[in-house]
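Q: Chains as they are written, first to last, in the working numbering: chain A, 1 to 122; chain B, 1001 to 1122; chain C, 2001 to 2122; chain D, 3001 to 3122.
Hints were generated in silico from the structure; no laboratory data involved. Please read these numbers as outputs of a predicted model, since none were measured by experiment. Misleading hints may appear alongside valid ones.
[Claimed, not checked] Only pairs whose alpha carbons sit at most 25 Å apart, straight line, appear in this in silico DMTMM-like list of lysine to aspartate or glutamate: (1) D:Lys3100 x C:Asp2085; (2) A:Lys100 x A:Asp80; (3) B:Lys1100 x A:Glu62; (4) B:Lys1100 x B:Glu1087; (5) D:Lys3096 x C:Glu2062; (6) C:Lys2096 x D:Glu3018.
[Claimed, not checked] One side only, chain C facing chain A, incomplete, derived with CB under 7 Å: (7) Trp2019; (8) Asn2027; (9) Ile2040; (10) Glu2041.
Quick reminder that beta carbons are idealized off the backbone N, C-alpha and C, glycines included.
4 protein chains.
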Amino acid sequence: MSITRLQGDLRDFAAEREWEPFHTPKNLVMALAAEAGELIEIFLWLTPEQSLAVMNEPSAAEHVGEEVADVFAYLLRLCDVLGIDLERAVLDKIQKNARKYPVEQARGSAVKYTNLGMVEQS
Amino acid sequence: MSITRLQGDLRDFAAEREWEPFHTPKNLVMALAAEAGELIEIFLWLTPEQSLAVMNEPSAAEHVGEEVADVFAYLLRLCDVLGIDLERAVLDKIQKNARKYPVEQARGSAVKYTNLGMVEQS
Amino acid sequence: MSITRLQGDLRDFAAEREWEPFHTPKNLVMALAAEAGELIEIFLWLTPEQSLAVMNEPSAAEHVGEEVADVFAYLLRLCDVLGIDLERAVLDKIQKNARKYPVEQARGSAVKYTNLGMVEQS
Amino acid sequence: MSITRLQGDLRDFAAEREWEPFHTPKNLVMALAAEAGELIEIFLWLTPEQSLAVMNEPSAAEHVGEEVADVFAYLLRLCDVLGIDLERAVLDKIQKNARKYPVEQARGSAVKYTNLGMVEQS
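In isolation and in its complexed conformation, chain A is listed as follows:
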């Protein structure tokens, strides 16, 4: 199923419930951030290693699945309302980042990631 199709489903869902007036870009961005906060809450006290094993614990796995779905749903709604082609946007960003982080240099400078706080990946 394509991104466009998912957006159609979510658009219908909101329309049937007459929720469109609440779906301003400002509100949808807030909703997305609130859901990102719930993802953060799941992982915050875990060590990096524990975070890699989170899907082994069924109730945590279900919780993570629901939160990524919520983030995605609001991201799709936001792009639908704003008329942004999300797939195009991410492909453009990959190209831009490929120029910004040439393989040779990015590889050589893995150190970049270990310099305290000096990192910006995207």
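Position chains B, C and D relative to chain A; hints supplied.
A: Showing chains B, C and D alone in chain A's frame:
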């Protein structure tokens, strides 16, 4: 292009630069939240009406496009690393929300959205 | 009661429960962001006008009070762990912003706030 | 300097620049979340150990200081606008958490923190 294909592109991008060790679920969730924060920053002083017109201003439009791409890229990476089927997750969530918010009831209770702070849509 | 005193109370609270190992700056920043997300959740579907009236609704008022307390508690812990003088930091920032936004200019350019997405206050 | 005094300074700062109309609770909560996102950005690629050493790197230290100041400033403004006594709120929350996490039990169940994703500290 499918979600799976985009995830493959992003996986290759990270692998070529030897960034996988940094892409723990904990870190990816933080990256997603940081990008959500940048989206929030774009919209925070706008009125709801201004937020609807944000794409009419070319530099703002470009900025929004880049930030939604960043959020999506980290969401795709997170799901790839955790083995979550993002499309399946959002379809499941739509079904769950359809049961939680039956059309008749949700429609009748648009009031729900206007009750101060008492709202939980998802 | 001073900020230093509140930090002492929170330090004791964590120490008595042997929670210090979890209170790395990385985790505390995540905790702060998660609580900010809960504040966002309270306000996200409200109009600006409704957001101004949120304290008139007792259960919402209590909820807001708890969430601002959580944000503050993690901010205090973070600064305590990092050895940052929070009061000094905010006074320095006010001085810096006073230079960045001179009264005459900031006043004249209230328009700044209405330019779509082009705003950075701090 | 007391919290009340800092709030007075920030109130004057906003009033002199005629920024009050922008300081609705909804917008201030978004500003707080955006600044929390900037804190996240500083720490996201750091290991827990590196995050503990962040203040040893002068430019990172300055950056962290500015971001905690921004978070605090918006938190103070939010509480000022809503009429919340922030000091009272955090003291109340400490008492509530003391009942929720009795020392003996919280100590015994440090395991709580290591259970994947099942943790809620506050």
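Q: The structure should be examined with respect to each hint, and the outcome stated for every one.
A: The hints, checked one at a time:
no. : hint                  : result
1   : D:Lys3100 x C:Asp2085 : violated, 29 Å
2   : A:Lys100 x A:Asp80    : violated, 28 Å
3   : B:Lys1100 x A:Glu62   : holds, 17 Å
4   : B:Lys1100 x B:Glu1087 : holds, 20 Å
5   : D:Lys3096 x C:Glu2062 : holds, 13 Å
6   : C:Lys2096 x D:Glu3018 : holds, 18 Å
7   : Trp2019               : violated, 9 Å
8   : Asn2027               : holds, 6 Å
9   : Ile2040               : holds, 5 Å
10  : Glu2041               : holds, 4 Å
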